[in-house]
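Number of protein chains: 2
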Amino acid sequence: MVLDKVNFPGDLRCLSISELNILANEMRELIIKKVNTTGGHFGPNLGIVEATIAMHYVFDAPNDKFIFDVSHQCYPHKMLTGRKEGFINPDMYYKYTGYTAPEESEFDLFKVGHTSTSVSLAVGVAKARDLKDEKYNVIALIGDGSLSGGEALEGLDNGAVLGTNFIVIVNDNDQSIAENHGGLYDNLKLLRETDGKAECNFFKSLGYDYCFVKDGNDIESLIKTFEKVRNINHPIVVHICTQKGKGWKDAENNREAFHWILPGTLDGKTYNEGESYNSITNNFILEKAKKDKTLIVVNAATPGVFGWNDEFRNKLGRQYTDVGIAEEHACAYVSALARSGAKPIWAVMSSFVQRTYDQLSQDLCLNNSPITMLVYWGGISSADATHLCTFDIPLIKNIPNMVYLAPTNKEEYLRMLEWSVEQDKYPVAIRVPNIELVSVGKEDRTDYSVLNKYKIMQEGVNVAILGLGNFYGLAVEVAAKIKESLNFNPTVINPRFITGVDEELMESLKSNHKIVITLEDGLIDGGFGEMISRYYGNSDMKVLNYGSFKEFTDRTQLDELYTKYRLKPELILQDIKNIL
Amino acid sequence: MVLDKVNFPGDLRCLSISELNILANEMRELIIKKVNTTGGHFGPNLGIVEATIAMHYVFDAPNDKFIFDVSHQCYPHKMLTGRKEGFINPDMYYKYTGYTAPEESEFDLFKVGHTSTSVSLAVGVAKARDLKDEKYNVIALIGDGSLSGGEALEGLDNGAVLGTNFIVIVNDNDQSIAENHGGLYDNLKLLRETDGKAECNFFKSLGYDYCFVKDGNDIESLIKTFEKVRNINHPIVVHICTQKGKGWKDAENNREAFHWILPGTLDGKTYNEGESYNSITNNFILEKAKKDKTLIVVNAATPGVFGWNDEFRNKLGRQYTDVGIAEEHACAYVSALARSGAKPIWAVMSSFVQRTYDQLSQDLCLNNSPITMLVYWGGISSADATHLCTFDIPLIKNIPNMVYLAPTNKEEYLRMLEWSVEQDKYPVAIRVPNIELVSVGKEDRTDYSVLNKYKIMQEGVNVAILGLGNFYGLAVEVAAKIKESLNFNPTVINPRFITGVDEELMESLKSNHKIVITLEDGLIDGGFGEMISRYYGNSDMKVLNYGSFKEFTDRTQLDELYTKYRLKPELILQDIKNIL
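Protein chains in written order, with our numbering: chain A, 97 to 676; chain B, 97 to 676.
Treat the hints as calculated values from the structure; they're not laboratory data.
Each pair may be met inside one copy or between any two copies, as identical chains are not told apart.
Mimicking EDC-like on lysine to aspartate or glutamate, the simulated pairs with C-alpha atoms at most 20 Å apart in a straight line are:
{"#": "1", "residue 1": "K384", "residue 2": "E514"}
{"#": "2", "residue 1": "K228", "residue 2": "D520"}
{"#": "3", "residue 1": "K324", "residue 2": "D156"}
{"#": "4", "residue 1": "K285", "residue 2": "E295"}
Here chain A stands alone, though its shape is the one from the complex (with noise of 0.2 Å):
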């Protein structure tokens, strides 16, 4: 394999063309093989293999500083940068994350799993150089996908004004996650159609420099145009025209299927989920905008995550929008959409509302405006570090006139889908279950308009559980457990409501309960179990909190986290003796 001579970059520079060629195919079936094993990006990653090669042919990394945008194409640069390992051997397959990441390798600048901060950080990394009068070539690798992103938007706005070397690779592969969205897009296809001769170029609009090449998948033209640019004294933008999924032919028709795949797809495995909270969203979202032509679903880019496919949104018609890679527009949107009278369900994922705050506090809130937010995978879990989503309860539960809302079970969860949709008063936010589905088999019939009242599942004594959303299963556990091992029945609570207190019920709960116990499938910090610790503080009333630390944990097993984080009936019951 030409694959073995090269461990580091310095190394590509003693292959001939034709080598690099060879060394791409390689890179690619390896590609291919560990990502149908593990699982990840799979489309990105092809489709920058050459781009990759050329870059680290012509600039001087890790002297020359490459920022890899949301790193979903990162893959190749591991390979060439020590790291090829993790590629060959299948037992290292999950040695380094799927993103760029610097505690493995100097090469790698930044830990970086979100969207659209490319151009932004590297505007820094040539500020910082600037101030030292050091020189190196400092580029930014974004996709077409990322550019509609704010911080992406700011960033080129901000890199055009530096006046000193700043390159930005534009990766266009003319798709986002799912397909683009947005005007932007009408330009990118403009300059491919005339090879970058259009007069009217978003890019020198910003400010750039500007540098086109057709076959982006092609090293020698890369190289050549790479080799123009590099120790170039401004900025500049070189907008390279590549095919995702190059290599895998259902990838290169089906862009957005394959961009991420799961073990096994390209063995055919198909992972088709029976009844789940996704399908019964889904059917009911197609139910009720059938009847009210003025519900709307709106998501930012990841309509695959949600189960939103052709079918869903040729269905919907006018009815749904994808947004892009733009979360902060997509909240302002659906909040002007509820003022002015329509229905608008937004899709997110836990790890992604955090790109809303301010407009889920000023857009959305302030405004008090009725909509429907739906928080996909809100957790712990075993991902890695850039896609945690555990923060999703302290970011939205503290924002005024929120209603956020946590359902232990289908039957729950419908009723407070339709509550939320048809009622005009709340911004309500539903954090989906991220669990198998339960269901209870009997309708709910709760009035969810009466705020903050939570449902006592089980009449106990001594210890109440208040178990949130995904962790109600966890408190029956642990009832379990007390009324064996202590020989009482505890009482057990599903809250529903994070976003308050019910103060009656916990204060009934004084006469004859001596612990609260709260569980929260996420950051303990700033959340549900926070707020009942402060209700109780001036009482006697014992409180113990349950959810994560406050960290970033990276790919560690769930099992050791909830070890860590007590989130075990033995440990709970443990705590509970220590206090009775």
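Here the structure of chain A is known, so what remains is to put chain B in place on it, guided by the hints.
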């Protein structure tokens, strides 16, 4: 007065152009007098008088919908929509807020006070119109300065593909709050210089139809243009060039100083402060920057808030960056500066730090970049609902790796600043005291690298009072009240660290204290106090948390708020008595 004849927009249509011009002058005089009495946004409102008249003359609000960005420029709109008394009658000067407010008038669609939101909101309004098959014009007004904000750019990108009526009026006065920054502004300049004819056009590159009005203070040409675009069937940008501060010479010549003015400014009244937290900060920065060329100060478009005048900026030269209205970029930028060996100090107002949550989390804290963030104006106030500064503690405190400090006096603050700038381990935020400067006259020699060490200021018994930052003085007052009324000395503690618990100290209090009081100048929910409540949850310690409630207050008097939140020594004493 012509204004006597105008109560609502329809009245404008009975006037001749020359009467409209007289009206503009009358309105301008009233704005000048009113703002010089109450303080407020001056330059932006003077510049937009004619455009507002023309908008209301041509379009049919409230059937047609206007969305004003940041609403720094909504005074003329208020005068023409039933609220002129607020500008004519000094007794009514405080009746209306300085921002658009739906509760005041059906002509105001949203409560807005943060920048760069109008286009996004307008896209939602237009989409709701289309879903309901209604017909009206949707008009977003946005200033050139606000265009650099990510949300504006996301909104523009999405608005371009609506395919239906959508009008964005870009009010280009060649100025943000301070001067503009970014490559985009070179394009606006080019468009102004070419009467909008340049081929390379930022707005066209985003997919908009485009027209240009050279003199945006000329009512007649504005009316002609607006009449052309009224009922247009696709998205268009109307680029109008206006004179910020028009009609008040000093404001025309010094657009930054007169963006927002204090009462009496036009009569020559000056607000010379002596030594203040601003002045000591700026002295520290200038001294430090002279010695260390890697020190760099960063802000997003509000240098005036920090006292960063021309002299200050000139002294710093390339060690100063104003990124324009682009808070997300500011955060990523400083993170990258720090990771690349520079020492960034980033100043931001509490209310605007809300615009960067994900960047704080992902770009900054996940990368653990050693920056110094100075958070200004944090605290409970009688501010407008759009500018509350009570949310920064819950927002910042619960992000992993962050160290958030709350100094209580000059010496402590300077020591923290020095430590923060020179350390290389943590992202550090400092809540700049939002009170009159307090000097204890004795150098602080604390080693702040020992995290979460609180300081006992007075040893006592029974009650321990944790007075955080601004509220340390309140803690001292409460202690005196206790001594006077209950005849014992309570313990007084200055926590200094917002982000963690001094477990050793908290543990030691258990031996001879029954009550711990926390006082924080901001939202209780998710804040410092709840963390202390949680800590004591399994113990007999009673904990009372004081701070603001989870609500958007709107120009409520501070005394009223303090009473409601029980932030007064006598009320806190009462609560203590109830427990003891």
